[in-house]
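Those sequence lines, one after another, are chains A and B.
Going by the numbering used here, the first residue of the first sequence is number 303, and it counts up by one from there.
Going by the numbering used here, the first residue of the second sequence is number 874, and it counts up by one from there.
One or more of the hints may lead you astray.
Claimed, not checked - Each computed DSS-like pair below joins lysine-lysine, with the alpha-carbon atoms no more than 27 Å apart:
no., chain 1, residue 1, chain 2, residue 2
1, B, K1210, B, K1050
2, A, K695, B, K940
3, B, K1210, B, K1152
4, A, K524, B, K1056
5, A, K838, A, K584
6, A, K519, B, K1050
7, B, K875, B, K978
8, A, K387, B, K1050
9, B, K940, B, K999
10, A, K519, A, K479
11, B, K1210, B, K1175
12, B, K875, B, K1248
13, B, K1248, B, K978
14, A, K876, A, K627
15, A, K853, A, K876
16, B, K1152, B, K1175
17, B, K1056, A, K387
18, B, K1248, A, K524
To be verified - Non-contacting residues of chain B with respect to chain A, defined by C-beta distances greater than 12 Å in every case (computed):
no., residue
19, D882
20, I887
21, F896
22, R902
23, S925
24, F931
25, F980
26, N1063
27, Y1232
28, R1238
As the list claims (entries may be wrong) - Computed footprint of chain A on chain B; a stretch qualifies when at least three of its residues, placed anywhere within it, have a C-beta under 8 Å from a C-beta of chain A:
no., segment
29, 1020-1029
30, 1041-1051
It is worth saying that the hints were derived from the structure and are not from the lab.
We put the CB at the ideal spot given by N, CA and C, even for glycine.
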Amino acid sequence: MCGIAGILNPGHDRDDLELRLRRFARDLHHRGPDDSGQFISKDRVAGLVSTRLAIQDLSAAGHQPMTTADGRYTIVFNGEIYNFKQLRSELEADGEIFNSDSDTEVILKMYTRYGPDCVREFAGMFGIVIWDEIDESCFIARGALGIKPLYYFEESGRLIFASEVRALLNSGLIPRKLCRDAVTGYLLFGAVPEPLTLIEGVSALPAGHYMTWRAGKTRVTKFWELEFGDDSIPETEAVRVVREALNDSIARHLVSDVPVGVFLSGGVDSTTVVALASRLTKTPLRTFCISFDNPEFNEGDIAARTAGHFGTQHSDWRLDSTTAKALLPTFLEKSDQPSIDGFNTFCVSKLAHDHGLKVVLSGLGGDELFGGYRSFQIVPFMVRASRLLDPVKTGVGQLLQQRFASARTNRLGHFLTDLPITSAAYWAMRGIFTPREVVKLMPRFGCEAKDDKTQLPMFVPPQPTLEDEVSYLEIARYMRNQLLRDSDVMSMAWSLELRVPFVDVNLIGALRQIPARMRLASNKRMLLSAVPEIPKWVRERPKQGFAFPFKEWLTGEWQEIFRRIETESPILLKSWYRSWCLFALENFISRNQIDVPLSSAVAGSSIGAQRKCSQG
Amino acid sequence: MKIHVWVPDYASAIGGIQTFSRFIVRALRDVFPESEIAVFSKNDTSYPDPASDPANSFTPMGWWTPKLRTPEFAWQLFRSAARERPDIVVTAHVNFAPVAHWLHKLFHIPYVAVGHGVEVWEIGNKRIRRALRAADCLLAVSDFTRLRMASTLALDANRIALLPNTFDPEQFYPGPKPHYLLKRYGLAANQPVILTIARLASAERYKGYDQLLRAMPLVREQFPNVRYVLGGRGPDRARIEALIRDLDVSANVTLAGYVPDHELRSHYNLCDVFAMPSKGEGFGIVFLEALGCGKPVLAGNKDGSVDAVLNGALGVLVDPDNVTEIANALIAILGRKHSNRMISDADALRSRAIEAYGYQRFRERLSEVIRPILKEEITK
Chain A
303 MCGIAGILNP GHDRDDLELR LRRFARDLHH RGPDDSGQFI SKDRVAGLVS TRLAIQDLSA
363 AGHQPMTTAD GRYTIVFNGE IYNFKQLRSE LEADGEIFNS DSDTEVILKM YTRYGPDCVR
423 EFAGMFGIVI WDEIDESCFI ARGALGIKPL YYFEESGRLI FASEVRALLN SGLIPRKLCR
483 DAVTGYLLFG AVPEPLTLIE GVSALPAGHY MTWRAGKTRV TKFWELEFGD DSIPETEAVR
543 VVREALNDSI ARHLVSDVPV GVFLSGGVDS TTVVALASRL TKTPLRTFCI SFDNPEFNEG
603 DIAARTAGHF GTQHSDWRLD STTAKALLPT FLEKSDQPSI DGFNTFCVSK LAHDHGLKVV
663 LSGLGGDELF GGYRSFQIVP FMVRASRLLD PVKTGVGQLL QQRFASARTN RLGHFLTDLP
723 ITSAAYWAMR GIFTPREVVK LMPRFGCEAK DDKTQLPMFV PPQPTLEDEV SYLEIARYMR
783 NQLLRDSDVM SMAWSLELRV PFVDVNLIGA LRQIPARMRL ASNKRMLLSA VPEIPKWVRE
843 RPKQGFAFPF KEWLTGEWQE IFRRIETESP ILLKSWYRSW CLFALENFIS RNQIDVPLSS
903 AVAGSSIGAQ RKCSQG
Chain B
874 MKIHVWVPDY ASAIGGIQTF SRFIVRALRD VFPESEIAVF SKNDTSYPDP ASDPANSFTP
934 MGWWTPKLRT PEFAWQLFRS AARERPDIVV TAHVNFAPVA HWLHKLFHIP YVAVGHGVEV
994 WEIGNKRIRR ALRAADCLLA VSDFTRLRMA STLALDANRI ALLPNTFDPE QFYPGPKPHY
1054 LLKRYGLAAN QPVILTIARL ASAERYKGYD QLLRAMPLVR EQFPNVRYVL GGRGPDRARI
1114 EALIRDLDVS ANVTLAGYVP DHELRSHYNL CDVFAMPSKG EGFGIVFLEA LGCGKPVLAG
1174 NKDGSVDAVL NGALGVLVDP DNVTEIANAL IAILGRKHSN RMISDADALR SRAIEAYGYQ
1234 RFRERLSEVI RPILKEEITK
């Protein structure tokens, strides 16, 4: 787990390369405080930097950048390859000799032998960059499920990349200009849809893709896609497959040379991780939970009971509004790209960090894989109903988009005027602002909206059922753009490696063969059958998201800020998460001094005011 | 300039017509960079990846129940074209041609129709026949299809222009046998591999995988460790498994299941020969993709495959019904003893395939056939 960055073909900046790399190292220090290093190629065509959080092989032998003995290949790598020990023993059987116990060296040897396709054999989360000194080319890959980020900026043959957008911005080599399509996507969904980023010209390397760079030219290749199958399989067999695959994944995710903890809530997913992990570790597991006084949000009691049941060493942090409010400025400061979420991971990561942990497991992904959201029932229903209602639905849709209706009803209205397909219904369920509202909001951020056809078209690869399409969207949109992005940035803010055993290519590979009617059966029935250890009090508890009592915290000075956002808004905000959405974007813009062309609508707002301050 | 492109499938299915449709749109974008291209797809239910799709707009209609989809799609095509008055309509499947014919009669919109394979070898439907005969431009993806199409429409073959299928050499290129696939299928790097990729359904049996399975005992006599990798999924699988048992070739056959797009190149690079002795190919894009990867191909001599392998220059043509001939050809290819020496030369195969069927050629041909039917002021 680390931060990585670099520059290829620096051109005029050739002489400043050390300085540029040092700046990257400074900006990525929080991701890897244990060690850092830089590499500059012979002709100064490439500069790579890494900041390392040492988890596999704590010795200096795991130092990055790491170069092969012959000096040809140099790697910087962020993430974990959980099956590295198995790959290593296969390589050793073929006569390879290793100098360290790190997974980095395994990646390097795999690449040397098998080329770019080696990434198809990695089970894990990663951003990998390998420089080839002889060919003067570079290989850049991002893990199949996009758990770890990797951003790049390409301009006239030069390529700059980093683990965070902020680090790219601070390089001083990229214009601080907002990307119109990304702002649109952010306002529609509450998180920036990959591969876009809020900065014009900066892209996320798509999950499951690798890029090769040679003489200033890049080529991007897909190596993984999420496609569910439609085989038939007896239910008992399906349960056995799920059990085995989950157990394997959790066992792999426990591989570490430092102690591993678990984020435990009152939900089925984190309980599953604790139930299976506690059987696999010799020492008692460490578990962490955030609890609240407000019983509506509090899961602390259930988590404590579960922890006692499995004999873990449990830590609970009862968070009150004073502490939470005191933490908000730090949270905003540590954010990379905004989203409407992230504070919860920020707090629980701090808790684990304060207890001296460097690695934690979380139950993230369980809802997406096993049908834990209401979207798995509602979206297919909406699609089917809308297809039946076709002749009259547009009129009804127009009506439901009026001001008097709630934000959710407005989105439903828009869906009725759109095509009755899964991605449209999914947006109506998960979205924040409607396209019409986005058109009115865009000028606030110096962006012009073309027309009201602003809804970003979504690609869904062929899936056997509507439910599988929902699962795809939950995984490739909500989870990837919001949950995983926030998890990475917020855990890294506390130099903590967050591992997500549900988000695993081998586990998903095993689940693919189980048909949706079993895998996505309501109330996560498949998961509950596969893990009978989950105690009764967790099984029988009604579904509740891991939510924070935000609304009641936002008093005092925060109330002021939110009131201002509401007054300045050209549309009715209706819900606090919509206010938060605008607030988080404004914060990103002002904090990173993004160039917003000051239209009259913005000049009077806080962005305008802050811009004037920073210029003055 | 406005262009409407009508396709049966575009983003979400895989197959020859879908691949061809995507290339048509890409080539139209390259030939007419300023044009507004609207794609209408009958069977898609989601949008193509906006990051890589060259069309300006996309209308998926696959959400209609199958019974109503055809009339609803026809109505959508008609309504959109009547409203937007495109400068040209390109229909990637002949079944949509009657709609283009009406638009032509009412609004004088020129149209191009493309014939691929079996669907145009015999055309019984009178409206389709009339619409095709009246088309401003007819295209066929192979000479074989062109001649069959001319004969069934009772047209002079010169009325039909040739626009062969194409492939992307940047996507399909030679490489070592991928380690991850050797591992997945339990193969050694020097083990001879025969590959077919096809949907396993009774309607697709013309692809010849049965004949290949029957040829395996003969091939095995010469190459005891030969492996036949059959990629694809479908309802025919159980029957195929039974056939494999009956022929006692289980140790030499791997049913690889569905091969996703992003693993296609790896699979071509895994094999020593790509074999599909088909009887019903309009062209066979898979042959081009395998050739792009520098692999020898074995094809049937009774359909459009003949065009794909340039009458045998780029591959071995066999009687698709003759199991012994198939086996002997495979043995010759695997033993590098075939009389056509070129098929053992990966670089030569690839460069000849690019020269004949690379995207550049495709784009030029498309430009040549489309420009003459556009109004003069547009092509300037």
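Could you check that no beta carbon of chain A comes within 12 Å of the beta carbon of R902 of chain B? At roughly 17 Å from the nearest Cβ of chain A, R902 of chain B sits farther out than 12 Å, so the non-interface label holds.
Is the straight-line distance between the alpha-carbon of K838 of chain A and that of K584 of chain A 27 Å or less? holds, 25 Å
Please work out if K1248 of chain B and K524 of chain A have their alpha carbons no farther apart than 27 Å. violated, 41 Å
Check the hint pairing K387 of chain A with K1050 of chain B against an upper bound of 27 Å on the C-alpha distance. Cα-Cα ~24 Å, so holds.
Would you assess whether F980 of chain B, listed as outside the interface, keeps its beta-carbon beyond 12 Å of every beta-carbon in chain A? The claim holds: F980 of chain B sits with its nearest Cβ about 25 Å from chain A, beyond 12 Å.
Check the hint pairing K1210 of chain B with K1050 of chain B against an upper bound of 27 Å on the C-alpha distance. holds, 21 Å
Taking C-beta pairs only, is S925 of chain B more than 12 Å away from all of chain A? violated, 9 Å
Quick one, are K1056 of chain B and K387 of chain A close enough, alpha carbons at most 27 Å? Distance of about 16 Å is within 27 Å: holds.
When you check the alpha-carbon spacing of K524 of chain A and K1056 of chain B, does it fall within 27 Å? holds, 20 Å
Hinted pair, alpha-carbon criterion (27 Å max): K519 of chain A, K1050 of chain B. Please report holds or violated. holds, 26 Å
Take a quick look at R1238 of chain B and tell me if its Cβ sits farther than 12 Å from every Cβ on chain A, holds or violated. Check passes; 26 Å lies beyond 12 Å.
Is the claim that F896 of chain B lies outside the interface with chain A correct, judged by CB distances over 12 Å? holds, 18 Å
The earlier numbered hints that this structure contradicts are 18, 19, 20, 23, 24 and 29.
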